[in-house]
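Listed below, chain by chain, are the residues.
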Amino acid sequence: MNQFLLGDHPTPAFWKFEGAEQLRAHINKTFDRFLMPAAKTTTQCNYHQLIAALRSEQLSGLRYAKEKGGTGAGLAAQAMFAESLGRIPSGGIGMALTIHLDMVAPFIDQYGAPEQIERFLMPALRGEILLSHAVSEPGAGSDVTNLATTATRDGSGWRICGHKTMISLASLADVHFVIARLADYRAPFNMVNFLIPKDTPGLRLGNVWPALGNAQCPVSDIFFDDLWIGDDCRLGMPGMGMINQLQQFAQERILSSLRANQVAYQCLARAAQWTYTADQQLQTLIAEWQASRALTYKAMQHWLANGEYLSLSSSSKLISSRLARSASLFALDLARQHSKGDVNSLQTCVADARLFSISTGSDEMMLKSIAATEKY
Amino acid sequence: MINTSVDLMTLDVRHWLKSNWPDHPQWMQGKEIPEKAVLQSFIAEFAKPSIKDQLHHHLRALGRTPFLQLNRAIAVACCAANAKSKEFVHIQSNQSVLMIAAVDLGFAEYVFTELLAEVRQRQTFGVPLVRNQHVEFTLAELQAKLFAFEALWELAVENPELPANLELFQSLGLPLIHKLVDQYLQFAGGRGYLKGHGAEFAFRQVVVG
Numbered sequence: 001m002n003q004f005l006l007g008d009h010p011t012p013a014f015w016k017f018e019g020a021e022q023l024r025a026h027i028n029k030t031f032d033r034f035l036m037p038a039a040k041t042t043t044q045c046n047y048h049q050l051i052a053a054l055r056s057e058q059l060s061g062l063r064y065a066k067e068k069g070g071t072g073a074g075l076a077a078q079a080m081f082a083e084s085l086g087r088i089p090s091g092g093i094g095m096a097l098t099i100h101l102d103m104v105a106p107f108i109d110q111y112g113a114p115e116q117i118e119r120f121l122m123p124a125l126r127g128e129i130l131l132s133h134a135v136s137e138p139g140a141g142s143d144v145t146n147l148a149t150t151a152t153r154d155g156s157g158w159r160i161c162g163h164k165t166m167i168s169l170a171s172l173a174d175v176h177f178v179i180a181r182l183a184d185y186r187a188p189f190n191m192v193n194f195l196i197p198k199d200t201p202g203l204r205l206g207n208v209w210p211a212l213g214n215a216q217c218p219v220s221d222i223f224f225d226d227l228w229i230g231d232d233c234r235l236g237m238p239g240m241g242m243i244n245q246l247q248q249f250a251q252e253r254i255l256s257s258l259r260a261n262q263v264a265y266q267c268l269a270r271a272a273q274w275t276y277t278a279d280q281q282l283q284t285l286i287a288e289w290q291a292s293r294a295l296t297y298k299a300m301q302h303w304l305a306n307g308e309y310l311s312l313s314s315s316s317k318l319i320s321s322r323l324a325r326s327a328s329l330f331a332l333d334l335a336r337q338h339s340k341g342d343v344n345s346l347q348t349c350v351a352d353a354r355l356f357s358i359s360t361g362s363d364e365m366m367l368k369s370i371a372a373t374e375k376y
Numbered sequence: 001m002i003n004t005s006v007d008l009m010t011l012d013v014r015h016w017l018k019s020n021w022p023d024h025p026q027w028m029q030g031k032e033i034p035e036k037a038v039l040q041s042f043i044a045e046f047a048k049p050s051i052k053d054q055l056h057h058h059l060r061a062l063g064r065t066p067f068l069q070l071n072r073a074i075a076v077a078c079c080a081a082n083a084k085s086k087e088f089v090h091i092q093s094n095q096s097v098l099m100i101a102a103v104d105l106g107f108a109e110y111v112f113t114e115l116l117a118e119v120r121q122r123q124t125f126g127v128p129l130v131r132n133q134h135v136e137f138t139l140a141e142l143q144a145k146l147f148a149f150e151a152l153w154e155l156a157v158e159n160p161e162l163p164a165n166l167e168l169f170q171s172l173g174l175p176l177i178h179k180l181v182d183q184y185l186q187f188a189g190g191r192g193y194l195k196g197h198g199a200e201f202a203f204r205q206v207v208v209g
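If you read the sequences in order, they're chains A and B. Residue numbering for the first sequence follows the numbering used here, beginning at 1 and increasing consecutively. Residue numbering for the second sequence follows the numbering used here, beginning at 1 and increasing consecutively.
Mixed in with the good hints, there may be bad ones.
Unchecked claim - In silico negatives: residues of chain B with every beta carbon more than 12 Å from chain A: (1) LYS18; (2) LEU39; (3) SER50; (4) PHE137; (5) LEU146.
What the hints assert, rightly or not - Heads up, simulated SDA-like pairs for lysine to any residue below, C-alpha to C-alpha not over 20 Å straight-line: (6) A:LYS198 - A:GLN49; (7) A:LYS368 - B:LEU146; (8) A:LYS375 - B:ILE33; (9) A:LYS375 - B:ARG131; (10) A:LYS40 - A:GLY213; (11) A:LYS375 - B:HIS134.
As the list claims (entries may be wrong) - Here's a subset of chain A near chain B, in silico, CB distances under 7 Å, partners left out: (12) THR152; (13) GLN290; (14) SER292; (15) ALA294; (16) LEU367; (17) TYR376.
Just so you know, these hints were derived from the structure itself, not from any lab. No residue lacks a Cβ here, since even glycine has one placed at the ideal position from N, Cα and C.
With the rest of the complex left out, here is chain B:
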């Protein structure tokens, strides 16, 4: 499934990350993240009044990068920044839930993409890992859950007048992210266990960080 507008926004966000912090791949190896500066830069770039209505989608695009903790901090900061504009206050609580869920959704999509690339590339018994029915079915199951989470989030974004429940998104999003990260580490094998690999970094952030 292709979502063109979010895919384009993802390119925008990746371009922004690359231009402003070219050394961001090293963050995965333990280099300290300049959290405050990144956060301010993101808000300046993507939370401008002219494109504020797209902020949810930009946060989802931001979520499609490996830095879940940083991205969640940015989502919370965006909620606070929006709370300052009066017309946003009455639905601010609703928006906060959806902004944090946007980052979680994006991160789930990022891990799924990386996981898929990993099982296509790694070989076992002479064939790519994904040709193994257990692996294929595990991926399909995770993808179905991801579609469901995405559909619920989209429905909530399209209907801002209805209260979005934080627990609702947490009870769906967090187990999904845990399962995805766990499988990513499993299917990436020994290499995935080493510092600097996406699986190790994701597991460190989500499970043991």
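Chain A extracted, bound-state conformation:
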């Protein structure tokens, strides 16, 4: 196998920091110890224990400052963590940790008041509370502009009414990140975000939906029946909810792409053992993997440099998600044809990888986002 094709890929500049190689080895070793066994069982993973274990290895808060409970290693280190998550043969665990550490926690870090950092972020990084991200709604999906859940000022707090659907980790989480619409505010400044503890009166959970894959990241609905929540649980300025969310989506997509590329790599590396090097489909997928990885690294580089990365992040998410799907399917087909490898684990991989194109921004959302950002 040509080294440039599957292996000796140039290290991007942002991973040339001191101790980068040691950090990667430490992440992989820790994942092998704690995440791999959890990925191979069918029982529901205990995320509180898992995050506490990652914490004991200084890995649960790489991107967060020390005074906020993190390790202060920075975004580039977090990107390394995200990429390594793709090695875990369970999309569910990868997604759960991404939601907790890279979707909700960054929001609290960026927009949270000091009391909220202490109340939510620091315990989250210690594994004492688990966070879910409740955005999708019936009739809107993850289209933040068309959400129907409402938040209305009521005394010293807010009344929330609505229904969130297909929320990953909802049944396991202790605190839900919720975005709601403000009446009498004009778009796009008409949304507000909250952190709502699971035992708040008026919050009701639906049943866990049986699903095709991602068994370790169960999805269920959340209902807000005239729920009242204090203003101390509001995250960020009223009216800025959507703007803040869209910015966070763009960043999370890059980290999700790193994971998807790694899933694709794992599948291609396995498939390469079962077919000849000149296999046309393998060559094409490897070329696509190279390009997808280069694009994700470029998006990451622009993010780190505070540059323009909206189009790059959406494009990267679109390309890497599709690649994870096609690479896993290719490996499964080969394993079936040649009676090689563990077909069951590849079936799980195909089912889990399929969700990359659906969750955290579907392919259609990415296409719309590219068109909007590039102003067609």
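Assemble chain B onto chain A, guided by the hints.
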């Protein structure tokens, strides 16, 4: 996305083309291209030792013109010209791959720009074609692939010590160019099918030429 340095080089190359061959629009209508003279002139202008390190980027800028076959011939000639300078020989094979890929990347960018202009201008059911979701999504998909191809090429140019694989770029670049040209012809409609239109000329060069 704007890449200022390549955009400036594109202006340079277009200025060079316009000043030296003012009749180049007629090449698209079938007038014979003075290939050898164009090629020599480009090398004299843009492959000078003083700016040799920018040759890849100049070739990409050259690629942003409608003449893919001519531009590829120029890229190959630039590889040969560079092979003569000794310090370039050891990485010459790598450079050749990247130079040809540069022209392909530039051509993909050119077709995408023309395609976008076409669907913004053409109307259907009372609105520009691009307001149709199918068209909008097709364009977004092509643009995402174009970004990926560009990112891979840039990474390879920044890391000349690693071997660049011709098949790698061909298996990405050629299908992308084919798809772009095919959609350009489709969305340009009947006018695009007529000789002299950019879509017809691109299709003739890439698919049936």
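| request: Quickly compare the C-alpha distance for A:LYS40 and A:GLY213 to 20 Å and report which way the hint goes. | output: holds, 14 Å
| request: Closer than 7 Å between Cβ atoms is the bar; does A:TYR376 clear it against chain B? Give me holds or violated. | output: Cβ of A:TYR376 sits 5 Å from chain B, so the hint holds.
| query | Do the numbers back the hint for A:LEU367, that is, is its least Cβ distance to chain B under 7 Å? | reply | Holds, about 4 Å.
| said: Hint A:ALA294 vs chain B: min CB-CB distance below 7 Å? | reply: holds, 4 Å
| query | Does A:LYS198 pair with A:GLN49 here, judged by a C-alpha cut-off of 20 Å? | reply | With a Cα-Cα distance of about 19 Å, the restraint between A:LYS198 and A:GLN49 holds, given a limit of 20 Å.
| task | Sort out whether B:HIS134 lies within 20 Å of A:LYS375, counting only the CA atoms. | result | holds, 16 Å
| query | Does the claim that B:LEU146 lies outside the interface with chain A hold up, using a Cβ gap greater than 12 Å? | reply | Its Cβ does come within 12 Å of chain A, the nearest being 9 Å, so this is violated.
| query | Between A:LYS375 and B:ILE33, does the CA-CA distance stay at or below 20 Å? | reply | violated, 36 Å
| field | Interface hint for A:GLN290, Cβ within 7 Å of any Cβ on chain B | value | At 6 Å from the nearest chain B Cβ, A:GLN290 passes the 7 Å test, so the hint holds.
| query | Non-interface claim for B:PHE137: all C-beta distances to chain A beyond 12 Å? | reply | violated, 4 Å
| task | Hold the hint about A:THR152 up to the distance rule: shortest CB distance to chain B must be less than 7 Å. | result | violated, 34 Å
| field | Verdict on B:LYS18 as a residue remote from chain A, using beta-carbon distances over 12 Å | value | Consistent with the label, B:LYS18 stays out of reach of chain A, its closest Cβ about 28 Å off (over 12 Å).
Violated hints, in rising order: 4, 5, 8 and 12; the structure is consistent with all others.
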